Structures are given as structure tokens and as C-alpha cells.
Amino acid sequence: MKALRSILLPVAASLVAIVIGAILVAALGYHPLSVYASLVSGAFGSPVNIGNTLTASLPLIIIGLGIAISFQSGLFNIGADGQYWMGATAAAWVGYHFTSLPGVVHMILCLVAGMIAGALWAAVIPGLTKAFVGAHEVITTMMMSYIAILFARYLIEGGPMQQKGYIPQSPPIAPNTQFPYFAQGFQQAQLSPISIVITVIAVAAAWFLLYKTTLGFSLRSVGLNARAARYAGIGVKSSIVTALGLSGLFAGLAGSVQMLGVDHQLLDGFSSNYGYTAIVVALLARNNPIGVVIAGLFFGALTTGGQNMQIASNVPASLTDVLTGLIIFFVGCERIIPQVIGWYRRRRSLRAQTPAS
Amino acid sequence: MENVLEVIDLKKWFPGVKANDGVNLSVRSGEVHAILGENGAGKSTLMKVIYGLLEPTAGEIRLFGEPVHFRSPRDAIRAGIGMVHQHFMLIPAFTVAENVVLGDEPGGVRFRRREASRLVRQLSERYGLAVDPDAKVGDLTVGLQQRVEILKAFYRKARVLILDEPTALLTPQETRELFRIIRALKEDGVPVIFISHKLDEVLEVSDRVTVMRQGKTVETLETKGATPQMLANLMVGREVVLRVEKPPLQAGEPVLQVRDLRVRSADRHERVKGVNLEVRRGEILGIAGIDGNGQFEFADAIAGLLRAESGEIRLEGRDITHLSPARRTELGIAYVPQDRQLDGLVLSFDLADNLILRDFRRPPFSRRGILNRRAAESQAEQLIQTFDVRPPDFRRRASELSGGNQQKVILAREVSRDPVLLIAAQPTRGLDVGAIEGVHRQLVRLRNEGRAVLLISLELDEILSLSDRIAVMHDGDIVGIVRGEEATREMLGLMMTGQRRKEGTA
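So the sequences go chain by chain: R and V. Per the working numbering, the first sequence starts with residue 1, numbered consecutively. Per the working numbering, the second sequence starts with residue 1, numbered consecutively.
Because the hints were derived from the structure by calculation, they are not lab data. Please read these numbers as outputs of a predicted model, since none were measured by experiment. Cβ coordinates follow ideal geometry from the N, Cα and C atoms, glycine included. There could be a bad hint or two in this list.
[What the hints assert, rightly or not] If you anchor each label on the Cβ, the simulated ranges turn out as follows:
#1 R:K237 <-> V:K157: 56 to 64 Å
#2 R:V19 <-> V:T171: 51 to 59 Å
#3 V:F64 <-> R:V19: 53 to 61 Å
#4 V:E316 <-> R:F329: 56 to 64 Å
#5 R:S6 <-> V:D388: 28 to 36 Å
#6 R:M143 <-> V:R307: 46 to 54 Å
#7 V:R441 <-> R:L8: 56 to 64 Å
#8 R:S6 <-> V:G252: 19 to 27 Å
#9 R:D321 <-> V:D388: 20 to 28 Å
#10 R:A37 <-> V:R390: 52 to 60 Å
#11 V:R307 <-> R:I108: 14 to 22 Å
#12 R:S6 <-> V:Q385: 42 to 50 Å
#13 R:F208 <-> V:V218: 47 to 55 Å
#14 R:A205 <-> V:Q385: 48 to 56 Å
[Said to hold, decoys possible] Below, a list of computed lysine to any residue pairs in the SDA-like style, where the Cα atoms sit at most 25 Å apart:
#15 V:K246 <-> V:L492
#16 R:K237 <-> V:A326
#17 R:K212 <-> V:K246
#18 V:K186 <-> V:S29
Turn these sequences into a full structure, and let the hints guide you.
This is the structure in C-alpha cells:
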């Protein structure tokens, strides 16, 4: 019953958001059904579209897992976007160096470099300052995120990672580190089976870590009641650093998977704010790794569907941003809903009694 | 004598729970009437029904002989019922006068502050409830805030005053002051209903007692003829052991040795100022003292939660002064912390997880960092049965349990770890008689098995009935140590204010 409720409420919140979105669309003079139909067909209408949706979902899912870990540890990692950039940058750098390495080893090296970069970016400054001097992680991760993005931009705009020429981009990574795509149809969607396998492994790892290991037990204890955790003998400071590090590690992994699977070189327009959308993914999933998969797919579908919606029915794609906002609002409201229901019931029972007296 | 308030065969059923199932009560004018019962006996439900917060399923309430049907607290207030809740309903940023008149202000559109202040001053003089009408409520002590609540009731012309667990948040001095007020009100002819689960308070302040058990009123009796034992038995429904019998026992070698310990609390104040103390195998050492004299910081320091500024702590001869809390746990220190919800439990974890909270890093609960849920569950099943935790379901979250059962969970976890030293800080705070008996029995059992028990409590009765030796703490130092059987309340009371006894020879 309780488990069912925890699934039902986010779903209901999303549905309410969609309905209100429909009203908005209608108010703007479009036909809501056809707009939504174009959104759905854009996301799932053809194998390529499904491929696009998956490609857009994978980074959201992987980053979302990391954010869920930090949330469960009571930490608000807002700077996942920067950790994602650092992961991608590290993966790109390793990717076009060491070209003499065999493909598989080189690939793994890129992924590991990305994970380490993301983890350090979150753990060292935000993690240590939070643990030892109490600097709030919302501020530090956010600031570190700006630094990461600007630093990466510098590297490719006149910095040491710029490819020869005038375009701000890094050299492409070695061809044998690029993930192979699914045959034919998925070429266009840039969807690789390796990305999918890595994502599945990441989901399983996050779930196992949180619920089946002593480390996960410690982190969740710290997140729910730091005082009791201390009493239980858990090192709260080291848990904070670990939690932020793990969170950054997942974001860094997402960055390197994106680098190896999709972009192959660091570009100016590399990110699509995945790090921010992933916060909503984790919230909607209530920090449950399995829920992150569903929420990640949902937001991936919104992104790709939104682009199609713009082409097919002329509705601006930013409407999907409005939908995202509405969903966040209603997920946030879900604690209000039971109260409203209770209030309504009380009123009704009062009114039912009044004529009797 | 006239009956002020009568409750006749009242029933209040919730789905699956009969919270009130046959309550009969009659309060006479000019008496203090106590309603006594364990947590969950239905006292609060009864009060909510009387106050119009809940609709009764069946039965009748009569006020001054007239049957009444309250639909909301507003009706109840209008009829003359004044209720002071356990948790106050005050606005800290407002003044006393503003809080008192809130919702029923003098004057029309314009709020006449001076008039309000004058009215409140008049009321407080009339009822002997000294409080400054212009003081900000947020600046007042809990005891004074309670007076504001009482004033609020009288401002609304209350003819009956209901106090729901009024002493729960008060210091002993404030409690004494409250009892003085209650007696004064009685002289004045205002009937007072006093709800409590504390035997001694009921015996001290009431004229008659109605005992509730499992949603029913069991009996109403004159307080004069009642004994604590009688009331306890009525409350629990069986013979309760109020004083734990403990066989005389030869205390063995010291388990805990503390030398010149100095500790600062989290706010950097020095709270423990050079304590020397020994706890031996097979004894309960009680630490008595007024709250805030360093006894809880002392406990935290031994458990490793606060750093020792200087001095030395030895456990079975081994220096543990600088070991982590986790290491100390491994070496056999068990700790029942003062605040069970804040420190002792992770409320959103289920019971199985809470029961391994201190041991999840070691086999069988985990191996190489991987948890073994089945081991946790089988241990939980066994502990829940041994310690009679209710409901007996390890999938329940700790937050769903009553205070007594939460304490059982903590005690089960700490005792099951086979400790050499158990530190119990306020182990029975907020528990009812039946639960207190269980906790005391466990402490004495540990002592009889030859463990060392360090009991820290603000309840002198608890210290007196359990301790083999009693150390009195005042201003961060041990004023003296007396043998349990020689100690009296008066002696300890004096020492608690800082007066030293020379013959600290125990």
C-alpha cells in the first residue's frame, strides 16, 4: 500500500502537469491532442525516435543515480552539471592521447578518468569544506559547476585542448575508443549498446550500493539522522565526502559515456543542462535507483518529443520546459494533496451533520 | 455536590481501534480530578472528544447538567471549557497580552493594545498567575508560557480547566509552581481536570482519580485512600513491581575508571570539570543531579560522542580516551542515549535496521561490506520477542512505535551486544509505569550478571530505587558519592545544590 502510494503520487503529479499543459496549449490556440500526439510520436514514433529518446535518457539516468545517492545521504548536490563536464573533459583528453593503447583498454581508461575527475570535483572542495567547516554544499557544488564549465570552455577556446584551427573544439577521440552504434537505423540516433549496458550496470550498482552494502547503510543513516549515525559509530564527515564523491563519480561517468558514445570531441555546445534536469529526475524518482530509470526515460522522451512537437505542430519546444516546471511543482505539492483531501473530507462531514441539528 | 462535567458511556471508535470504549466520568465542582492512564489508554482521545475536536461514536457528555454536542473547539470554549494542551498553541513573536486575547480582541476594527494589556493584567491578578502582559512569549520559560495558556482559557471565561499532561515539559520547580496554581484555582471553586501518567503527581495534586485502561475507565477513587501500588496495578491491569528487588551483591573490580575528565559541550562551554569516578563490575552507579550540570555531557564523553579536553577514561584498564565511538562500542560500551528519537534511532528505518544500527559492520550482519539482511531479520525477530516490542513486526518503521516500545528497541539493541558497561541516560523518560518496570528489570538483570551500569537520571526516585552507589553531580563536578541504602531524598537534594558531604567514603 505504502509502496504503491509512493509510485502513484509522482505519476499523478506528472499527469496533472500534462493536463494543465494541455489547457495551456489550447489557450495558445493549438489543438492539445494533436500537439501531444506529435510529442509522443516524436519520442516513440519510429525506431530512430525511440533511439533518440534512449540516447537523451541515458545521461539523465546515470547523473540522476548520483544525485539520488547524495540526496539519500542528506546532501543537495546541485553541481552535477559541472561534474559531468569534468568527466567529459577528462575522457576527451585521455581519448585523443594514448592512441597506441588497444581499443578496450583505452575505452576503460577514458571511462575511469571521467569518473575520477567527476568524483574529485565533487569530493575535494565541496565535500571537504562541508565536512570540516560546514560550507553549504548547495553553494559550493553550484560554484564549482560554473568553474568546471568555464574551465572546459577555456581549454577548447584558445586553451591547450583546442584543435588546430579556429573552431573552439578539442581534437576527436581515437576512433577505437568510440562506442560502436547499433546497426543501421540507430546510427542516426547515436545509440550504442555499450552505453546501454553501462547504464544498466550503473543502475544495478547504485541500487546495490545503497541497499545492500554497509556503506549504503551508513550513507542513508547519515542522511536520515546524522546524530543517530554518529551515535552508531558512523564517521559522519567521511560519509559526507564519500557521498559527494560518489555523486560526482556517476556524473563524471555520464560525461565520459556521452563523450565516447555521442560527441567524440569536446564542443562548445556539449552539455544540454543534463546535470540540472537530472535533479528533477532524482526528485521525481524519490531517490530510488529503479525510479530514476523510469523518470530518466520520461524526461528523455519529453526532450526528443518536444523537438518533434516544434517541427510538426509549430508549438515552441520550450513548452516542454513549461511541462517540466509544472511537474516539479506538482511533485513538490504532493505532500499538500493529502492535506487538501483531508480538509475537504472534514468540510463535507461537517456539512452533512449541520442540517441534522 | 454538583456535577460539573459528566461523561456517560462514551465511545469513540476509529477504524480498527476502539480508542474510547465505555468511558464514565463525573467531575464535581471545586475538585481537582485526575485522569490517570498509560500512554495509549485513551486519555487524549477522551479530551479531544470533550473539547469538540472529535465526534463521539456513542455516549453522552453533560456540562452543568445539560447534554452538550460540540462540533468544534469553538463550541466547547463558548460552553466554558478551557483546555491547555501538552504542546502550547502560542505565537512566540506576540506579547503575552496579544496571545491571550488573540481571536477575541477587545475593540472593533482597531486593536486596542493597552486595553488588552489591562484586561490580561486584571486576569493574572485575579487568578494569581503572575506574568508580564507586555513580555514577548518567545522570551518566556516553558512554565510561564503554560501560565499564558491558562490565562487564555480564563479570558475566554472557562468554567472548567483541563490540563493535558501539563508537567511533561516542566522543570521540578515549575511543576511545584503549577501545583500551587492548581490548588489556588480549587480554592476559587474552579474545577480542574488533570491528565497524567505520573503516579506521584496525581497523588500530590488531585482529590479524586479516574483510572483509564485500554479505552475504558476502570475505577474512580478518592486520592486520599489511594497508594501508588494500587494505582499502578489499576493502570496496567496486573500486579506491577514498583520497587525492583535486587540481591545484595559484592561489586567486583572497576570496569570504568575516569580521572580528571574535562569536557566541553558542542557550544564550547566547559560542562564537565575534572570528574573522578569508578564504576565496578556488578553495580549500578547512579548519577543524580539537576538538569544541565554536566551529567549528559559526561555520558557522551564516555561513549565517545564528545571529545575529552583533558583527563583519562579507562575501560577494563585500557585507555580509551582517544578512541572513536565505533571502537568503544566494539570494546563493550553500550549506551542508551538521553534523547531516543534524536540520537538513539533512525526513525524512518525499520526495526530490523534500527536493531543493527550499532553492529551493521560486523558479522553476521555484514561480510566484506555486504549487508546480510536475513541475519538482521532473524536477530530482530528474536529481540522483538524477548523484549516484547509491540507491534511485533520488524518491518515497521521506528517512527510508528510508541515511546515505550522505541525505548525497548534501543534497550534490546544495547543489551543484546553483551556489554561490559551500559550507560543509561534517562532510560525511562516519558514512559508509563509498565514500561518503566521493564526497563528497570533489564538494568538490574545486567548488574546481577556482573556488568557495570552507569545510570544517569533526573528522577531521584529512579536513582534511589536502583543504585548501589549514588554520585551527585553539580556544576560539572562530583559533589559526593553515597551508598544507595544510606541515601535519602533530602540528603541528595542538598548535595544537588552543591553542598559537599565530607564523608564521601562509599
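Now the hints, each set against the structure:
Range check, K237 (chain R) to K157 (chain V): Cβ separation about 57 Å, and the 56 to 64 Å hint holds. The hinted range of 51 to 59 Å is satisfied by V19 (chain R) and T171 (chain V), whose Cβ atoms lie roughly 56 Å apart. The hinted range of 53 to 61 Å is satisfied by F64 (chain V) and V19 (chain R), whose Cβ atoms lie roughly 55 Å apart. The hinted range of 56 to 64 Å is satisfied by E316 (chain V) and F329 (chain R), whose Cβ atoms lie roughly 59 Å apart.
Between S6 (chain R) and D388 (chain V) the Cβ separation comes to about 31 Å, which falls inside the hinted range of 28 to 36 Å. Taken as a hint, the range 46 to 54 Å is violated for the pair M143 (chain R) and R307 (chain V), whose Cβ atoms sit roughly 32 Å apart. In this structure, R441 (chain V) and L8 (chain R) break the distance hint of 56 to 64 Å, their C-beta atoms being roughly 45 Å apart. The supplied range of 19 to 27 Å is broken by S6 (chain R) and G252 (chain V), whose beta-carbon atoms lie about 53 Å from each other.
Range check, D321 (chain R) to D388 (chain V): Cβ separation about 56 Å, and the 20 to 28 Å hint is violated. Take A37 (chain R) and R390 (chain V): their Cβ atoms lie about 55 Å apart, and the range 52 to 60 Å holds. In this structure, R307 (chain V) and I108 (chain R) break the distance hint of 14 to 22 Å, their C-beta atoms being roughly 44 Å apart. Separated by about 30 Å at the C-beta atoms, S6 (chain R) and Q385 (chain V) break the suggested range of 42 to 50 Å.
Checked against the given bound of 47 to 55 Å, the beta carbons of F208 (chain R) and V218 (chain V), roughly 54 Å apart, stay inside it. Distance hint check: the CB atoms of A205 (chain R) and Q385 (chain V) are about 37 Å apart, inconsistent with the given range 48 to 56 Å. Pair hint K246 (chain V) plus L492 (chain V) holds up; C-alpha atoms about 21 Å apart against a cutoff of 25 Å. Distance restraint check for K237 (chain R) and A326 (chain V): the Cα-Cα separation of roughly 14 Å lies within the 25 Å cut-off, and the hinted pair is therefore satisfied.
Annotation: proposed proximity of K212 (chain R) to K246 (chain V) is violated, straight-line Cα distance about 44 Å (limit 25 Å). Note on K186 (chain V) and S29 (chain V): the hinted pairing holds, with a Cα-Cα distance of about 9 Å set against a maximum of 25 Å.
Hints 6, 7, 8, 9, 11, 12, 14 and 17 from the list above are not met by this structure, while the remaining hints are.
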